[in-house]
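Working from the sequences, and respecting the hints, build out all of it.
Okay, so the sequence shown: first residue is 184 according to my numbering, each after it adds one.
Errors might be hidden in some of the hints.
[Unchecked claim] With a cut-off of at most 25 Å between alpha-carbon atoms, the simulated PhoX-like pairs for lysine-lysine come out as follows:
no. : residue 1 : residue 2
1   : Lys556    : Lys322
2   : Lys400    : Lys361
3   : Lys571    : Lys592
4   : Lys576    : Lys361
I should point out that these hints are in silico values taken from the structure, not numbers from a laboratory. Predicted model, so just to flag it, every value in this text is computed and none were measured.
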Amino acid sequence: MTAVDVIPEGFDFTDPDVNWAAIPHDQFLALRLKAPVHWVEQVEAARGGMEGGTGYYAISKHADVSAVSKNSKDFSTSENGAIIRFQEGMTREQVEMQRVMLINQDPPEHTSTRAIISRGFTPRSIAALEEIMKVRAEKIVKDAVERGTGNFVDEVAAELPLQAIADLLGVPQEDRRKLFDWSNQMLANEDPDYAGEPDVAAAEILGYAMAMAADRKENPRDDLVTKLVHADKDGRGLNDDEFGYFVIILTVAGNETTRNAITHGMNAFLDNPDQWELWKKERPETMIDEVIRWGTPVISFQRTALNDVMVGDVEVKKGQRVGLFYASANNDDDVFEDPFRFDITRSPNPHVAFGGHGAHYCVGANLARQEVKLIFDALADHAPNIEKLSEPKRLRHGWINGIKELQVKYA
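Structure follows, in structure tokens:
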């Protein structure tokens, strides 16, 4: 039996309706066992703006996802971008415009841009945030407890990442909700519960970011924006477009991904009360990466082959796209013992939820880890008897593993 025998004809792992129901773990398992590098034919609407054929190779094994992630010589993010599926109607010109974003750049341009952005994400910079973020996490949870019940996503999971990003950028308190709303509109346009125009939301963020950059050029401060837009002794600063798209990545990716990791983690704790008791009593550091592995907020990104190259035992031709399915790789039982067990003591835990360990490893990984730890510390301290009131409602999306509602009783 091949993977084709258990995966229906026309099945596309980037179909928003597929991921709306659940991550297709049965189909991923079939791929890992029978066809680790499997061609997926797509309808035209699913590949708007893309070049490189009528579909993509789904890469499902941890080893292959890791290998491609590290191979910038043979695989590009610039050719078609890292996003594997855009909304219907995306044009080639719009795809090419997004090459100014860090995630859509190849070396040496990527190396140069990342060096500038990394100025704001040094271990020292993240450590300096910890005390204020701890205070914020505790206030977020205490406020939720006072309300009694509510949607954990909006009231807790989204709040700390949003406040961290706003603090990093120096966004005034009164403008922070705008960032939340714009990021929702950009990523949730495929979900019937969300309204808004993603292009308009992107333009709003760009305009806001460019105004911030212009202000810091005229009035430098001791903050991240100033560090990024002014040249230092080693090179240059970000230009207006680069800074604007950096803010989009930070606002959308940094907010959305950590929000979903926290929500999936809370849901897993509520479904596994023994693990919640263990966390409350012992606080193992290994919890952080298990929550991130379990949640895998980005289901997949893509690369485009720059040369004919072997992936596993399949030759991928120059110009063809491949999907790096992190949600499959993070449940590969060649790497993770009993992968569908939520185990906050799991070690080692070589998950690829931060994009593998190549050039595109998430620049904000340490900040995300800090946020996960602080919010679950605060929950254990101030809402130790939290209960789930209903099953989570998933986000309809092609490549984000999102939850939009998790009703809980705080206690």
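Hints and how they fare:
no.	hint	result
1	Lys556 with Lys322	holds (15 Å)
2	Lys400 with Lys361	holds (23 Å)
3	Lys571 with Lys592	holds (6 Å)
4	Lys576 with Lys361	holds (23 Å)
Hint check: no violations occur; every hint is consistent with the structure.
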